[in-house]
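> Listed here are the chains, written in short residue letters.
There are 2 protein chains.
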Amino acid sequence: MTSNENIDLSQYPHIDRGLEGIVAFSSRKSFIDGAKGELIYAGYNIDDLAPKSTFEEVCFLLWHERLPNADELKSLHADLQSNRELPEIVENYIKSTSPKSEPMAVLRTAVSMLADFDDEARDVSPEATYRKSIRITSKIPTIIAAFDRMRNGKEILKPLSEGSLAFDFLYMLNGERPGKQAEKVMDMCLILHAEHGMNASTFTCRSVCATQSDLHAAVAGAMGSLKGPLHGGANTAVMNMLLGLDKGDDIAAFIKERLAKKQKVMGFGHRVYKTFDPRAYHLRKMAGALAKEVNMEYLYEWSETIVKVMKEEKNIDPNVDFFSATVYYSMGIKPDLYTCIFAMSRISGWTAHYMEQAANNRLIRPRQLYLGEKNLEYKSVDER
Amino acid sequence: MTSNENIDLSQYPHIDRGLEGIVAFSSRKSFIDGAKGELIYAGYNIDDLAPKSTFEEVCFLLWHERLPNADELKSLHADLQSNRELPEIVENYIKSTSPKSEPMAVLRTAVSMLADFDDEARDVSPEATYRKSIRITSKIPTIIAAFDRMRNGKEILKPLSEGSLAFDFLYMLNGERPGKQAEKVMDMCLILHAEHGMNASTFTCRSVCATQSDLHAAVAGAMGSLKGPLHGGANTAVMNMLLGLDKGDDIAAFIKERLAKKQKVMGFGHRVYKTFDPRAYHLRKMAGALAKEVNMEYLYEWSETIVKVMKEEKNIDPNVDFFSATVYYSMGIKPDLYTCIFAMSRISGWTAHYMEQAANNRLIRPRQLYLGEKNLEYKSVDER
Numbered sequence: 001m002t003s004n005e006n007i008d009l010s011q012y013p014h015i016d017r018g019l020e021g022i023v024a025f026s027s028r029k030s031f032i033d034g035a036k037g038e039l040i041y042a043g044y045n046i047d048d049l050a051p052k053s054t055f056e057e058v059c060f061l062l063w064h065e066r067l068p069n070a071d072e073l074k075s076l077h078a079d080l081q082s083n084r085e086l087p088e089i090v091e092n093y094i095k096s097t098s099p100k101s102e103p104m105a106v107l108r109t110a111v112s113m114l115a116d117f118d119d120e121a122r123d124v125s126p127e128a129t130y131r132k133s134i135r136i137t138s139k140i141p142t143i144i145a146a147f148d149r150m151r152n153g154k155e156i157l158k159p160l161s162e163g164s165l166a167f168d169f170l171y172m173l174n175g176e177r178p179g180k181q182a183e184k185v186m187d188m189c190l191i192l193h194a195e196h197g198m199n200a201s202t203f204t205c206r207s208v209c210a211t212q213s214d215l216h217a218a219v220a221g222a223m224g225s226l227k228g229p230l231h232g233g234a235n236t237a238v239m240n241m242l243l244g245l246d247k248g249d250d251i252a253a254f255i256k257e258r259l260a261k262k263q264k265v266m267g268f269g270h271r272v273y274k275t276f277d278p279r280a281y282h283l284r285k286m287a288g289a290l291a292k293e294v295n296m297e298y299l300y301e302w303s304e305t306i307v308k309v310m311k312e313e314k315n316i317d318p319n320v321d322f323f324s325a326t327v328y329y330s331m332g333i334k335p336d337l338y339t340c341i342f343a344m345s346r347i348s349g350w351t352a353h354y355m356e357q358a359a360n361n362r363l364i365r366p367r368q369l370y371l372g373e374k375n376l377e378y379k380s381v382d383e384r
Numbered sequence: 001m002t003s004n005e006n007i008d009l010s011q012y013p014h015i016d017r018g019l020e021g022i023v024a025f026s027s028r029k030s031f032i033d034g035a036k037g038e039l040i041y042a043g044y045n046i047d048d049l050a051p052k053s054t055f056e057e058v059c060f061l062l063w064h065e066r067l068p069n070a071d072e073l074k075s076l077h078a079d080l081q082s083n084r085e086l087p088e089i090v091e092n093y094i095k096s097t098s099p100k101s102e103p104m105a106v107l108r109t110a111v112s113m114l115a116d117f118d119d120e121a122r123d124v125s126p127e128a129t130y131r132k133s134i135r136i137t138s139k140i141p142t143i144i145a146a147f148d149r150m151r152n153g154k155e156i157l158k159p160l161s162e163g164s165l166a167f168d169f170l171y172m173l174n175g176e177r178p179g180k181q182a183e184k185v186m187d188m189c190l191i192l193h194a195e196h197g198m199n200a201s202t203f204t205c206r207s208v209c210a211t212q213s214d215l216h217a218a219v220a221g222a223m224g225s226l227k228g229p230l231h232g233g234a235n236t237a238v239m240n241m242l243l244g245l246d247k248g249d250d251i252a253a254f255i256k257e258r259l260a261k262k263q264k265v266m267g268f269g270h271r272v273y274k275t276f277d278p279r280a281y282h283l284r285k286m287a288g289a290l291a292k293e294v295n296m297e298y299l300y301e302w303s304e305t306i307v308k309v310m311k312e313e314k315n316i317d318p319n320v321d322f323f324s325a326t327v328y329y330s331m332g333i334k335p336d337l338y339t340c341i342f343a344m345s346r347i348s349g350w351t352a353h354y355m356e357q358a359a360n361n362r363l364i365r366p367r368q369l370y371l372g373e374k375n376l377e378y379k380s381v382d383e384r
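Top line first, the protein sequences correspond to chains P and S. Under my numbering, think of the first position of the first sequence as 1, with each following residue one higher. Under my numbering, think of the first position of the second sequence as 1, with each following residue one higher.
Honestly, I wouldn't trust all of these hints.
The list makes no distinction among identical chains, and a pair is therefore deemed to hold if it is satisfied within one copy or across any two copies.
In silico BS3-like links for lysine-lysine, alpha-carbon gap of 27 Å or less [unchecked claim]:
| id | residue 1 | residue 2 |
| --- | --- | --- |
| 1 | K158 | K95 |
| 2 | K74 | K158 |
| 3 | K36 | K261 |
| 4 | K262 | K158 |
| 5 | K52 | K256 |
| 6 | K52 | K36 |
| 7 | K379 | K36 |
| 8 | K52 | K374 |
Hints are computed from structural coordinates only; laboratory data are not their basis.
All chains should be modelled from the sequences, with the hints used to inform the complete structure.
Encoded structure:
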């Protein structure tokens with residue numbers, strides 16, 4: 001006898017559909033207009049924020065739902081600068097990893113470990129959560145850079161603890177102070193990836209928070225979601241697709257061949273945006289200027305060719321992953337770090353959503369429908 | 001201008017309600033009948049499993065949705081025995097923690113770190129996931145015991161790699177082979193906590209899995225949820241309530257006073273069970289026998305008094321947390337480890353749900369309703 005004989009699954013419209021279409025949260029953190037191609041962070045259009053603001057300012061905006069005044073911004077900069085160093089044991093852990101270790105797994109473990117060294121780790125008050133948000137945001141660039149130096153046999157660098165997070169990250173990664181253009185490009189990448197509504201990792205962050213668990217637990221959970229290929233892993237996939245190519249190759253032919261073979265062209269289309277992803281628009285502008293500066297114009301030309309072919313052949317537009325991949329690559333950053341850089345930015349959105357969830361909390365727990373048997377007779381193992 | 005002026009929130013019945021009542025998944029892993037007080041794991045009632053089965057058998061049941069035959073069970077035992085040792089670097093991490101570290105945070109970090117040493121960490125195929133489920137399940141008891149020994153200044157013990165997980169756990173924790181009664185009690189605790197429908201940590205596990213992320217990521221996320229006081233932290237709270245008492249105290253008066261002061265009596269009532277929690281029924285029987293064996297009958301008598309007073313005064317029954325707390329305590333286990341022991345058992349349910357989600361996957365992502373402003377004008381920081 002199976003117990004599901006009489007179950008009419010059509011009576012459960014949401015079953016196994018990933019909660020699609022269920023409006024589960026109210027939020028003041030961000031708004032996406034997919035038809036218009038518009039993205040707003042707490043009232044401000046990213047078309048203004050990307051060229052005019054900074055990542056630090058965007059952190060403040062997402063956390064406080066308003067822009068900081070000059071004193072507040074200065075104070076946040078100081079806090080973010082003074083918290084960049086890692087506890088020795090976390091650095092030792094990073095040193096103990098191998099080049100085979102997965103960057104996102106190392107980042108998740110290191111952030112989880114930070115809880116051991118944070119006196120407020122268990123304190124879920126709004127004040128402690130805010131201070132922890134700053135500390136975690138500060139330390140993520142240091143973790144990523146330390147891991148990448150270590151696996152390349154280079155000395156791990158202490159942060160300069162000056163300038164922007166983008167500046168210190170590039171310094172720790174490359175061992176030299178970045179130029180103004182590189183810093184601005186990295187900063188704009190951080191701005192553009194900071195927040196994007198109820199994506200899968202943000203949803204995980206809120207779900208963990210809702211048990212009244214702490215921020216380190218919620219962020220480690222979110223990082224687990226972000227690393228999935230259906231979420232944050234896409235920009236790495238874009239670059240891996242391009243890396244098989246050579247300078248002289250016919251890019252248009254390559255893409256058309258992929259399409260003919262029904263292979264996926266990474267970095268195109270988006271579940272929400274039905275037009276040009278506004279983040280891709282800003283990244284595209286940067287990609288051009290940057291490629292010129294570092295003598296990798298071929299990479300930008302490839303990108304433009306691919307965008308053109310995809311529009312002609314399939315009428316779909318690039319998403320944020322497409323141009324961020326080539327931007328990071330022309331900055332000399334290895335493709336398998338791209339998801340980590342995504343996390344380094346999205347930490348601002350995760351922590352903002354944690355704060356919002358905690359302020360109006362309810363345990364997040366949908367139901368399941370049992371389709372199995374119910375009355376099986378237990379026999380001892382010898383009788384099976 | 002606020003953009004939410006015209007939003008009718010009543011049109012969004014699910015908003016900020018924690019997805020309550022939404023049937024989001026189908027599952028063959030477990031069924032709870034809250035009215036009857038019945039819990040079924042993949043067809044078998046826990047009233048049969050608790051006294052007759054073993055935790056290893058329950059792992060097999062949850063993973064395969066059928067009970068093993070003698071050969072399969074033998075083979076699973078062998079696999080679970082041979083995978084208990086920790087990589088040296090994970091053990092070194094545990095040695096580097098301090099007695100102030102939170103046990104659930106250390107367990108989460110250590111499990112996350114295991115990914116670095118698992119050659120199949122990134123492989124999300126069903127076969128690799130199954131093998132990783134065994135490896136993680138094997139190693140959790142070793143992590144918990146190592147942490148507890150270390151923080152008490154005792155030498156960390158290697159697993160004996162024989163007998164049941166319950167046996168080796170108690171050996172590594174206490175430094176001596178447990179007696180038959182203690183092993184059976186611990187094993188039954190593991191059986192009773194193994195799986196419980198779409199609870200918050202299992203939901204987190206499935207959400208992380210749904211991005212096609214790997215098992216270590218999903219389990220680390222689930223552990224973040226489990227540690228929350230609204231989820232797995234409750235049995236620790238029960239014991240902390242009792243620890244303030246002395247042998248001669250009038251327990252009935254203590255409980256009545258708490259009720260009069262509107263203080264919460266931990267370990268009573270359950271969102272799902274409207275009658276006696278079937279898990280509490282089995283734990284209660286064990287608690288009596290065990291208390292006698294270890295000369296802590298006063299603890300069992302306290303429990304019975306509290307159950308009686310709560311029934312008389314409030315007509316509510318104890319839940320699984322109430323008796324598991326006194327059972328663990330009479331086994332000499334410190335209260336702040338109880339949530340870790342919960343995780344040591346629930347890993348079977350988490351991994352089973354990961355397998356089920358991956359086999360019929362869809363990204364889990366509800367929507368949010370934006371209530372903030374939309375058209376704020378960006379002014380430079382000096383103008384704010």
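> For each hint, tell me whether it holds in the structure or not.
Checked hints:
1. For the identical chains of this complex, K158 and K95 are neighbours both inside a copy (14 Å) and across copies (25 Å), given an alpha-carbon limit of 27 Å.
2. With identical chains, the CA atoms of K74 and K158 are at most 27 Å apart within one copy only, with a shortest distance of 22 Å there and 52 Å across copies.
3. In this assembly of identical chains, the alpha carbons of K36 and K261 never lie at most 27 Å apart, being 32 Å within a copy and 56 Å across copies at closest.
4. For the identical chains of this complex, K262 and K158 are neighbours neither inside a copy (47 Å) nor across copies (53 Å), given an alpha-carbon limit of 27 Å.
5. In the homo-oligomer, the alpha carbons of K52 and K256 never lie at most 27 Å apart, since the shortest distance is 38 Å inside one protomer and 62 Å across protomers.
6. Within a single copy, K52 and K36 get their C-alpha atoms as close as 21 Å, which meets the 27 Å cut-off; across copies the closest is 62 Å, which misses it.
7. When the C-alpha separation of K379 and K36 is checked against a cutoff of 27 Å, the pair qualifies only between copies, where the shortest distance is 23 Å, while the shortest distance within a copy is 62 Å.
8. Proximity of K52 to K374 under the C-alpha cut-off of 27 Å is restricted to the inter-copy arrangement: shortest distance 18 Å between copies versus 61 Å within a copy.
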